[in-house]
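Novice: The lines below spell out each chain.
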Amino acid sequence: MVKITIGVALLLLIALVGYRQTFTRLRLPSGARLVYLTGTEFIAVGFALGGELIGLLDEDTIRRLTPLFSLGLGATGLIFGIQLDLRVLRRFPARFPLIAATQAIVTGIAVFVPFFFILGRLFELESTERWTAAAVLAATAVCTAQTSLALVDREFRLRGAGLIRLLRYVSSLDALVGVTILGLAFAWRHQSALFGFEAVIGLQWFFLSVCIGSAMGFLLRILTMVRCTEEELLIFVLGTVLLSSGISLYFELSPLFVNVLMGIVVANSPGSSERIFTLLARLEKPVYVVFLLLAGAVWQPGVAWGLLLAGVYWLLRISGKVAGGFAAARFDSGEEPSSPGLGFGLVAQGGMAVALVMNYYQLRPGSVTDVVVTIVLVGVIASELVAPTFAVRLLRRVGEIER
Amino acid sequence: MNRLVGLALISTFIALVGLPIGDVRVFEDARSTLSFGFLLLAAYLVGDILARFRIPKISGYILAGILFGPSVLVYIPAATVADLKLIDDLALTFIAFAAGGEMRLAELRPRARSIGFIVAAQVVVVFLAVFAFVIAAGSLLPYVTPGNSTQLVVVAAILGTFALARSPSSAIAIISECRARGPFTETTLGVTVAMDLLVILVFAVVVAFGQSVIDSATAMDLRFIGGVVVEVACSIVVGIGLGRLVSFYIRRVGADLTVFILCMAFMVAFFSEHFARFLDDAYEIQLHLEPMLICVTAGFWVQNYSEGGDVLMERIDRSSLPIYVVFFALTGASLDIGSLRSAWFVPACIAGVRFAAIWTGAAMGSHFAGDPPAYRRWSGFAYVTQAGVSLGLAGIVVRRFPEWGNELATTIVAVITLNQIVGPIALKLALSAVGEARARSTRRIESPEA
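Order-wise, the sequence lines are chains X and Y.
Mapping of the first sequence onto our numbering: residues 1 to 403, in sequence order.
Mapping of the second sequence onto our numbering: residues 1001 to 1450, in sequence order.
It is worth saying that the hints were derived from the structure and are not from the lab.
Any given hint could be a false lead.
Claimed, not checked - Example chain Y residues on the side facing chain X (calculated, C-beta under 10 Å, incomplete): (1) V1017; (2) F1036; (3) M1313; (4) D1317.
Where a beta carbon is used, it is the ideal one built from N, C-alpha and C, also for glycine.
The shape of chain Y in the complex, shown without the other chains:
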């Protein structure tokens, strides 16, 4: 009841602030602070209310973002969402630290066989299924010129590649919410991170191939593929360096670790953006380090190659909830519900085909790896979430294929939106079904009056 009253109160406050107040002078820069606070409270309260109906809290945070964001009630306008991009980046890199830290080699090694089989099966099955569907349903895509089979193949390959992308941030948030631990959880996290890494490489090949076949005068851009490989390698190297720095800090200082990690997360986000700009301006080299990969590597390094892994995870865990709330609420607010409303049929079909293919691929992989039957049955539910990297890659599609890339990106974003809504629910269901989800209530502290 108090949650509902609280939600009603803050909604009233924000609605009152939004009322026209004549010629009163206001400080527009404060809107981001106001929206940030409102979103943090409202998203958490919505998530907490929905959790009573066994819906994952992060779905509630995303839903709150959609509801109060630019798509529906516009309590938080699009410009404010853009203003909060820095907070969003900061949260994403922080979550990536957590994702890396959650992967323990000692627990991953026995699961390597499963991870390998599931990744391989999913790459083949999901890519082929979505590719085949788009080829078959090409006439439904208004931006594919009728009779232009080359373009159709390229579009199908791009959509097939996007179907491979996952969301490590959503996975880690659900795992954290459910306090899940065990072989299934480790496999899920391992597969999710591996797939996200793989999708960057596959995407580079597909885009280079696509450009060369569409513009027959152009040879396949091997430099682009090479560049992506170098980007991944450099990101991993920088991540190891950062991991060493964090473990040094834990060993020698230890205090204020959360602040230190947040500072490092800010540095990584800032460094990646400006380093890319610097290389482009000074040497015309396009090399974009991937902040997410840098932080996943750093977290992984600290967890597995230093003695500070447990400390890192304990501190991250203690302060991660507000970061998850803000990140997923902003994700929800950024989702383009308008594009989904105007053209929902094809994205819904692609999402459906992708889900069926993921389930089949995961079940096949689990079968070949000799996993228990429950894992085979539920494994596919764990890999539906999508965000982060795929949204970034959608931007590259727009730049690389200027004639129809924008419309294709709209389809991609619509598919991501659906997967981001359904994915967390499916993952929570899977973790509960295999018995690795635990209640959070052990940490609940009673207030004096309760």
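Just chain X, same shape as in the assembly:
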């Protein structure tokens, strides 16, 4: 036990020191830096702490850590939602959201349809379980992270900003489609009517998600509209996130979706949204670290089909992104040239996808949970590893970075 505890302390220390050192001081080779940039090391540390190896963060402990887990999910949702300020989004060309939505929907379909059949063939699943698992895989596939773009930004001198601006916009917005798919998938799992009539039960629950998110946004707005200190603001934000995550989880709805909605309400109503965003930006890294540790801890890569299916998922996702990029190129106005190869710049997957699959894991909805977690985690790591290469090639081809 002593050995284990010391080992855990060392692992945590290595993770935190390594994270900091990579960003500030050390000049690691780009491969190693990429591992740190994507947070893969935290997944590895979490995996080491989890039930598969050391056993410190076993299933029971994680169950006891449900509030922290939910806080991580909720905060991730709120951070995302609060950035969706319509006044800011309107400053971008009107075709940008269309491009973002098109590539996201194409990617989602490219992953959903094959996996709906694959899961049906490989596992004996109930219809709801099959739909949910395929929808979760589609939702995670849709999400794009900005890590590869950040790496390109740091490593190369950029010339012009047309495509990279579009890539940044799409990668910061397309997760909304993924989160909405998850919100719908969770609502559709319900079998009992909420408002008495036995029709469109899924929609009734989806409506409840929207109501909880809006009400919590309104609550946060009320609490922060009078003067409050930084510490008070921290309490209001943490408390509201926990409350909304708790209520949505209690009704087996997606806390991620509910908190995104809460963030959208806060961002688009007058008040303290900037202060809340500044506060959340400070919390973002620690929350994300804890979150990745937990993701690693619940991961069971030993599931036989997992690794093979992860490869299929990875290929389907990249194909979907590329196809989505080609489809989205139809919206080119010619004023600001994009590229039919847009999808190659959107391969990075990152944090939101991990959050989505953890949200799914938390409810442990069925026998394929571990397989789905494995598919997504392996897919995320693989995508993160190749994403910078794809992004650099794309930007070189369109002449936005110097050769």
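For this one, chain X is given, so just place chain Y on it according to the hints.
Specialist: Then chain Y, alone, in the frame of chain X:
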């Protein structure tokens, strides 16, 4: 007004969630998250509303815990409070870091004389006063067999020992809330931590003595006393090790210090529990490291023997408020108001005697140390709070004296409940009266609309 509206809204939400909803499937594990969020908001709002009436915020947090917890409205059921034990432990160890970090040797050294005299006077006066009261009022205790003077003496000694216990967590929370700084504050913190350490040792002696006199066939269990001494020593050694680790982290990394401390706090809570279990299972050795003492030592070490003390306190201070809110709200929710309702008279008398004795002992100690008259007058008000260690020791009483330990523990918990309600108010009053409490408003930031 917004606070009241907010409180009404969240109470409505939680009441709606609790309504029966037919055959709708719910995820019971989420109850802890829901309750955690509700408690954090509700306790803070209650504390903030009561602060307008000059009541310490932590009393408000405790009150909210009692009100919304299993004792009154049951918005948070007992099972959920138990589920949140891990969060509670985490918060306690974090607060212990803060308590240790708050003790600066440079400021404690000039107060050593006062601390020494007050501790000595309080140990003697408080123990004897409560002991004498219980002997005199023995017939009021239903679990003391009439005519069994041996049992009465043991019960009196145990209650006398418990009266010595303090609550460093409450003290540090009030000091932080009042932004108090100065000789009186340093003395208060020094005495509180020293008394809590001392009570563990005195308790070991009293329990060993009690068992030997009750069961005359048994010799006094010196191993138990020795074990406690070793536990304290080991906890201090582990604490120094942890302090070194934290100062190394501050020196070499510095970033995400709050997360690092929370991780360490989790490790300490986990390590103490599992290490004790491991020693018991593998070698039949009962050695329980005290997480609170480990963290107090670590914080003290970082503050006084490394260059990271100021950084540590600045980071802890920045993120401590939610931790205090959750910790004290959970403390309130865990308090057994039922036992107080059913048998309030004896605990109320013991709490009264304890308070009078604390005041006398503190005044005597301050007098011998040559402290200013205001300190003598108010010193006694600073030491009423009680929780943490004493609750843990009450569990040992139950195990060591199975025939009547449970009923005695109920009396002890009832006394602690009263002291935990009155103590923070008394401490805030004392800090204000000696002029060491400062307003928190300097850090208040106006929102754009305000």
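Novice: For every hint, state whether the structure bears it out.
Specialist: Now for the hints, and whether the structure bears them out:
1. Interface restraint check for V1017(Y): the shortest CB-CB distance to chain X comes to about 6 Å, inside 10 Å, so the restraint holds.
2. For F1036(Y), the suggested interface contact is upheld, since its CB lies about 4 Å from the closest CB of chain X, less than 10 Å.
3. At a threshold of 10 Å, the smallest CB-CB gap from M1313(Y) to chain X is about 15 Å, leaving the interface hint violated.
4. Because the beta carbon of D1317(Y) sits about 9 Å from the nearest beta carbon in chain X, less than 10 Å, this interface hint is met.
When the structure is compared with the earlier hints, a violation turns up for hint 3 alone.
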